[in-house]
Structure formats: structure tokens, C-alpha cells
Amino acid sequence: MLNRRNFLKLGAAATTTVASGASLNVHAAKELPHWGNKDFSPATGKQRQAIPSACWQCVTRCANMGYVEDGRLVKIESNVNSIRTEGVMCAKGQAAVNHTYDPDRLLYPMQRVGERGSGQWKRISWNEALDMIAARMKKNRDAGTPEKVAFHYGRMKASHSKTIGGFFKAFGTGSIGNHTALCEGGKWTAQELTWGGHYDNWDFDNTKFVLNFGSNVLETHTNHIPTAHRLLWAMAEKGVEMVSFDVRLSNTAAKSSEWVPVKPGTDAAVIAAMINVVMSEGLYKGDGEEFLKYTRVTEDVNADVATKIATIKKHVKDYTPKWAEKISGVPASKITELARRFAKTKPSVLVSYRGLVAHYNGNEGERLAQLLCAVTGQMDKPGTRMKAVGAGWKWPKIPKAKKIKKLDIFDGFPGQVAYPTHHVAEMVLPMIKDGRNGRPDMYIMYCWTPAYANGNVGEAIDILKDEKLMPFVVSVDPFYGDSTMYADLILPDTPFTERWTAEDMVDPAQIGEFYIRQPFTKPLGEARDFSDVVFDLAKRLGVDMGKAKSHEDFVRLACDNTPGVKEAGGFAYMKKHGVWHDKKAKPQQQVYNRPVAESVYKAKGVVLDSASGVYWKPASEADAKKGYVATKGAYKKYVAQKMPHGVFSGFAPDKVNKSGYLELWSPLLKAKGFNPFPTWMEIPEHQKMGPDDLVLTTFKHATQTHSRTMNCKYLAEVYHNNPAWINPVTAKARGIYDGDRIKVTSEVGEMVTKARVTEAIIPGVVAISHHCGHWAYGRYASGRRAPFTDEDRGDRDFKLKWWTENGVHPNWIIPNSPDPINGQQRWMDTVVQVTRV
Amino acid sequence: MTTHSTPTISRRQMLKRMGAATAGVTVVAAAPMAARAAKKQEVRYAMVIDTRRCSGCQACSIACKAEFEVPLGAVRSWVEHIEVGQYPNVERRMLPRLCNQCSEPPCVEVCPTEPKKATYKRESDGIVVVDENLCIGCAKCLEACPYDARFMNPHKGDPVKTKGNGVADKCDFCLHRISQGVQPSCVNTCQGKARIFGDLNDPTSEVAKLVDEYDTTVLLRGKKTKPSVFYIGADYLEAKKDPKADQYFRLDTHRKEPSSKRWA
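Going down the list, the sequences are from chains A and B.
Heads up: the first sequence runs through residues 1 to 837, numbered per my numbering.
Heads up: the second sequence runs through residues 1 to 264, numbered per my numbering.
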């Protein structure tokens, strides 16, 4: 089947060929009728069994198609019927065949017998393993301390989140951690503070200009392929130009019409200056003025647009392009030119990611980005940054425990982070070490490698090894991971190729795609999906998991009960096709300006909070008195927003008690001592830099996810070594030449690596990629073998592995250091010294 | 700042629109046309690679690896990254590579097996293939290929006949897929749709249209191999000697051995 957006219109020609009666043998075929969803063995010509499913190499979770030959998964491609991917796929997703058959994959439960980290294990049965876990959970529940069972995941989404998370909440522990602050949690918090629910979709299908601050969207993104391929097509087919601000010439910057090098941590100043240009040149007129009706930039929620404009002008008065040039190194003329271009090209889309947000001032950078979009009206309409749409499954219910208790170790030290709405993953181990808020009796890691994924690796390993701090550590992992090696008990998880899930990731078509993951093959050895294991644990503990009896059952119920999917044929349909979307649905846009009927905002129990202009439904008289902003969890009771020109749906809040405006004057930030208006903030460490200091930044490569793909042999073959990028000018000043060994030193440690002296990076910076420098994770990743693995498990490539260098891991010298507003780990702020070894 | 334009209209298109299809342009386009006319065959399979659509993501490389279980150390398809320029005017160009399926394949010429050559060009569609049952593992074709597109596959062939060398292997445009009407594995994975596959002898095919419409480049034109792989947006490969020959240049092949054979 051909893709709907096949720009070459192969379809027409193919149909002609068939209709004209020409046989489809290779000699006569003029065009090929099938884009994909079919594969054949090159050796035998036999058709391979095609199974629609979904990827899980990264959080994008693309619908895919697995091909099985004689019971073995041999190939993964895209599912051509997916409206998200439109039939294309990345390198990482296809290399998942390597995960399934990694010779270092763990296949049996194991219990530690030697010292932690010594690599001495004994094989145990699932019964023994689960008894051990259940006994410990029961002991804590009986003692009234269920919160001492801490569950920390790295990646867990959709139905996996519902069943696994649901189990722990049903048991009674709320001590559940995630890893979002290590990714982009800061961006999400900034979005929650401004336009409510997080996640922005960049509408490349309809845009005319892309302004990119620090996103390597063509190589890596939380919605990578669904987003990236649309951008490439827009550039190639419609001549859409993209300008990318980045410290480094990423492949995204290389494919842009223009790369603008910017000093690390200063994108926010450039954006502030662009707002200055828009305001001083009147470029807000028209669309910007209209949008400002729905924007809050003053304490007074009834301010008119003229007052708002005057307020913004006053606030950004000093953010001149000349001022920003001094800070960022970007010429003032370039800032002015791009501000005009962004404002005048309708529609334009503003793209931002870790280059903007993984800094001390990241929250403010993202808020400034939202302000620039607001004053130009480039927001939440086709071709701009839009509020994202995903699939809304109707999940089976798992009843929560009557009382859920939690250890306060997931949100950083007291006073450290103002609004940790996505938690502060990087501070969890330091908080456990500190102990002031208690320590877990059992720490369960699920798809989570705290020693590798956080900063300050050395400290993390010390904490994991310390049995006084961490009495019992369980790891659920398909592989012998860099943190799993320090566990007391290992449960062999399945790679995603052997799992069920009902999936829901954001759809750039703004419609929402329902899709499922189903196993390509049976689990190898005794590996089990943890989302099935929790059903067993629930039985042992007498925990009620609701109607479902297994994870497959849970997925079946979701498919059979979700409106739309159900009528299409439910579970049977989804197993056959993998994907479903409502063909009549229109792309969602402009959720904020829908008038709300009086019958809704004047309904019984709904009151107006005059300070915020929010119509809400307080739970009690006392809450009503306290007011909307000050009442805990009030955002859940939001109904509508009163504005001078009417009552509207507004930008509904999520996670924090913001108003229904696009809130750019934030009483929440004011209450925590920050400037309520988006403001340029200096990075304290950069202020103190000496003339010889450099800034260390990190990045990702198109063929790798952050931590979990270096054991895919095909990917490791392409990218296994990560010399430090350094500009020739910066290098020469230190006597460094290409390929030299260099020492990089920060406040928390030093490391030796090699220099890649390249013109493709701004002077004053050293950039080291993630992915490399594993000390475990199997032989392809680190050269180190996992316990209880055969020589090669029939992997005929094993003896052909030719690379011996595995690169370095920059996190050893990056301190754990959260953004003070949102808790985002500041990957791009570390000050270092670089010398030739 | 680096400004590299992404032209949406080729020079040739522009000239056509201006009604000035000059002789100079015809000469540029003549090479592929001539190549097409060189041999009378029903079908000539070809690939056009629009480098403007390539982001260097390597999905094609991995798709190929998995499709054929290509041994580590070897590649049938790969992507080269070429960094040139001086900060801040620096570019990174992406060059997807594969067997050129030459109309005049030097690899076939040197194949010593008798009476039938183990590596040969299929008269029916122009694809150069290796018959692993005939190959004796002498590796002469690897030497002869100016593009470094071949490798010895240790997992194929008769170990006695090949003296344990394995057999020569390389891209065959996914013959097993296209013969069933399915796009090659590297084509259907490409997120930019940079790879376009089809029959160059069919004037209505997209590959024929693109080759006619654009000033395409082939690798090592001077070797007169008449490749069936055409590049859009890779004119730099055929540029005359760069006046600033000492400028920064870095090539990442992402292959085991940096090849001694180059495209220009």
C-alpha cells in the first residue's frame, strides 16, 4: 500500500501497470506498488510473517511492522498505515532486532551472592524471586510503611503505566519516581505554567518558516520520526526554511537554511531581544493583538489589550538586540532580521528543546519562547506550535489503595525547586544519601539506570553500593545494565518486541492515533514483561487489579471499550492492523477561544475567583475562601476563564493552579520569589568563568537513544566512540590537535577522552555526546559480558565485532544540578577546563 | 553565519521555464540519457538520491543490515558525512552510498569464473548480481570496484570452493523485494524520501523524470562505469579543484575501514 503523502505519486503509475494487465514480475514492473508492510527472505524468497506492533526504542513509540521467519524476528519496518509516521522509520527502531537476540540478554531471575557490583549471582526461580519481593512489600505494609517500597522507572507509558503504576498505588505506595527531569521536564513545567497541559506539536505540515532554538529534531526528539519526516518534506517540497540556533552544527543545523551559533545558555537572551524587536516595531499588530486577548501579562486579569502591550513594551525595553549580542554572540542585525521574519511570515513555528531548556534559565527561556509566539500570534493554529493531541484510551480501572503514603524524595531538597511538576530525578539518590526525608527499604528500578542516566556517576555508584543507604535493590531489566549490576535481585524483563501495550503518543496530524504493541515472538528463556509480573505480585499480596487478569487482557479491554476502536472491531481489529484513527476527525486547533455557555460557568457549585478570573468548582467553603491559586489541586476544578470580552475555555490548567489565560504574568512564580514576567536570568556558574574555562555541552546522535541502544550491534557499529568536539581556535590555544588525548575537568571530576577538532562548533565550548562509555550493558556496548550468558548464543556476528573503543560517558563530570524553577537537570551548564594529556 | 540554500527549482528547470534550454545544459543532461540508450533492455532499474532530503540519519544503513543480516564490518549501504568550510561558514553534507549498478561494471569484467561469470549484469533489468554458487571467493571484483561497494561475506558460499574466503556480496537493489513489487528496504525506511527507485527506461517513472529534470551527478563519472545511481544536490562532487584546497575537510564514512577509494 502506498503512503498517502507519497510525494512522487507512485500510486498512479503502479495502478496503471496492474490495470494494463502487465504481469508483476520484475522484468515488466514499471513502478513498485507496495511501499511496505511486506517482506521476503532474501535467501529463500519466502514471504515473511508480518505482525503490526509498536516500537519502544524511544519515547516516540512509532507504530511498526515486525517480520518473523521460522519463529525468529528478522526485520522491523514502519507500518505504512500509521498517520503519525506515514510509513517511515529511524535507524534505532529497526535495530531492535538486535535487542531481542543480544547474546548478553538476561533470561533468568538472578540473586546476588557476592558483594554488590562484584558480578556474582545465582540463578533463582520466578517463584523465589517474587516471594522475596512480596515478603518485603508485605512486611512494609504490615508495619504501616508501604511508602518504603519505592518504585523508580525510566520509561513507562500508556497501558504499562496504568498497570504497573496502578499496582503500586493499589498496594499503597506513592513513592514512584520517573526520569523526566533528565529529559525535558523543565520544558513541560514551563508549558504548564503558561498554557496548561504540556507538550507542543510543531505543525510542519502547514508552516512556512521554522525558528529553532536548540532542538536537534532531525536526529532525536520525544516525537522524533512523526515530527522530523514532516519537517524534511516541508523543506524539500515547499521550500520551507529553518533557522537553527545551536552551539554545534547538529545534522538538524546542517540541514537548516541557516545555522546560527549561539553561546551556551544564552538562547533566552536572543528570544527576549526578538520580543523587543516585535514590540518596538509594532509587529504585534493584528494577529498578536488578537492573541493577547487570551494572554495574561499583568497582575490585573481584566487588563485590556492596550495595557498589555504597554506592559510588555516596558518589560522588554532593555532587551535590545545589542544587549543580546553581547550576551549571546549573535549579531544584533541577525536577531532583528529573524525577529521580523518570524513575526511577518505567517504561519511560523517556534521550535525549542534542550539547547534552550537544559540550563539554569531554561524555564524562563521556554516562557520567553511562549511570549514571542503570543505577541506574534504564532500559536495554537495550523503551521505554528500547537497544543498536542494523543489517543484517549478508555482504560480499565485499577482501584487505588484507600491510603497512599509516599517518601518525599522525588522532588529535590526542601526549597531547591519551586515547581517540580515532573519531579527531580537527578536528586533522588542524593536525597536517599541525605536521609532527612527517609529512605526506601526496597528500591525497584524499572527501565531505569540511575548510575548512568544522572549526573555525578561516581556518587551514584557509591550510593547504590551502600547497603546501609539502599537495603534492597531490585532491577527489572532485559539486560545487565550499568545500574542493574548493583542490584540485589534482577528480574529479566522482555524487550518491547515481546510485549503487549495499548499506545497513545502524540500525533502531529493533530488527530490522535490509537495503536497497540503486540509480541513479535514469545519471550526468550524465562524473561517476563513486568506488566504481567505485577499481576502475579498482586495475587501474592491480595491487591485488587480490577477486571484484567494480565497485561494482554488489559490491552484487550482497552481496545474493546474505547469508543471508536471498539466499533472498528476492538482487539481483533487492532491485532490485525495495529493502528486506528477516526477518519472523520478534523485536526484539533485553537482550544483556547471557544466561548463557554452561561449554563456551564453559572452551574451549581461553580464560583468566580476574582483574583485569577477563573470559574472553578471548589470542594468546600474553606477552599472557596482560600481562593483558586492558593488551594491545593484547584486546577482539577477549573471550569472556564473570564476575560474582558467573554468567558472562554481558555488554556486549561494542568498540574499547577494557573489561570485559563496563556499565563505570562505568573502569580505562582511571584509567590516563590521569581519574576512573574518571563525574564532573562544569568547562569551563576557562567558569570564566574575564568578566561581559560569552557562550557561542556552534551548532545545525542541520530542512531542512539540516551542510554539504552549501545548494545544494538548494528547501531554500535555506526556509532560507538564519542570524541569531544572542540573548535580549532579553542583547541589551538590549548595546544590540542585533532585526535589528541585531552583531559576534561569539572568541579565533580575529570575524564580523559580524545579531541575531535572541528569547525562545526562555536569556540569556547566542548561537546561530548551521550550514549557511550558504558561499563556494563553487554559485550557490544562495553566489551563486558553479562552473567549466565553463553559464548555467543548463535550470534554469528559475535566474532566479527571489530571496534574496541567504547567512548566515554560525560555524566561522570556533570554535577546533578536542577533548574531552580522546574527541576530540569542542567546538562548544558557545566564549566570545565580542558588540557592536552 | 552559514547560509546554504536549498533550491526548490533546479537550474535546468529554471532555464526551461525561461525558454532557454541552452546547449550547455543539454550536455550536462546528456550523460544519463546516453547511458540509458547505450543498451537495449526492457527495464533499467535505477535509484535517484536527492541529498537535499537526506538528514544523515542512517536508517537506510540499518534497514539494509537487518534485511540481509549483513555481517559486522561489512556494508551494502552506508551514509557518508562530509564536513567542509570554516567556522561559522561550515556545512555538513550527507552522501548515501550503495552499489552503483553500473552499466559498464568493472567488477564483472574481472570475474574469472568460466563458462559463466559469478558476478554479472542482469540483461533484463541492469542489476549487477553475484551468484554465490559460482563465486570462488577470489575477491578480484572487490579490487576492481572503484566505489568500494563490495565485501566478502563469510556466511555465504561453499567453504571448500571459496577456500574459506566467503563470497563477494553487495547491494542488489533488494531484488527479492522488488521482484514482489515491494520497494527496496533502504527506500521505504527513508524519512526524507531521499531515495527514489524505479525503471529509468520508463519515461513516466519518477526516476526518469528526475534524471531528466535535474542536473544529476554520478560518482566517478570519469571512470565511465555509467552508474544507475544518480544524485541530486551533490554537484560539489564534480566541482573543479577547490581553490582553497587546504580548507577544513572531514569525511566520516561510518565504516570499519576508511576507504582508500573516493568518489571524486
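Don't read these hints as lab results, they were simulated from the structure.
Everything numeric in this text was worked out from a predicted model, so none of it was measured.
All residues carry an ideal CB built from backbone N, CA and C; glycine is no exception.
Any given hint might turn out to be false.
To be verified - Short derived list, chain B residues pointing at chain A, Cβ under 8 Å:
| # | residue |
| --- | --- |
| 1 | 58 |
| 2 | 59 |
| 3 | 61 |
| 4 | 80 |
| 5 | 83 |
| 6 | 85 |
| 7 | 90 |
| 8 | 144 |
| 9 | 148 |
| 10 | 181 |
| 11 | 182 |
| 12 | 203 |
| 13 | 253 |
Outcome of the hint check:
1. 58: 4 Å, holds
2. 59: Holds: closest Cβ of chain A sits about 5 Å from residue 59/B, inside 8 Å.
3. 61: Constraint on residue 61/B satisfied, holds at 6 Å.
4. 80: 12 Å, violated
5. 83: Residue 83/B check passes; min Cβ-Cβ to chain A is 6 Å, inside 8 Å.
6. 85: 6 Å, holds
7. 90: 4 Å, holds
8. 144: Interface hint status for residue 144/B: violated (24 Å vs cutoff 8 Å).
9. 148: 16 Å, violated
10. 181: Since the shortest Cβ distance to chain A is 5 Å, the answer is holds.
11. 182: 4 Å, holds
12. 203: 10 Å, violated
13. 253: 10 Å, violated
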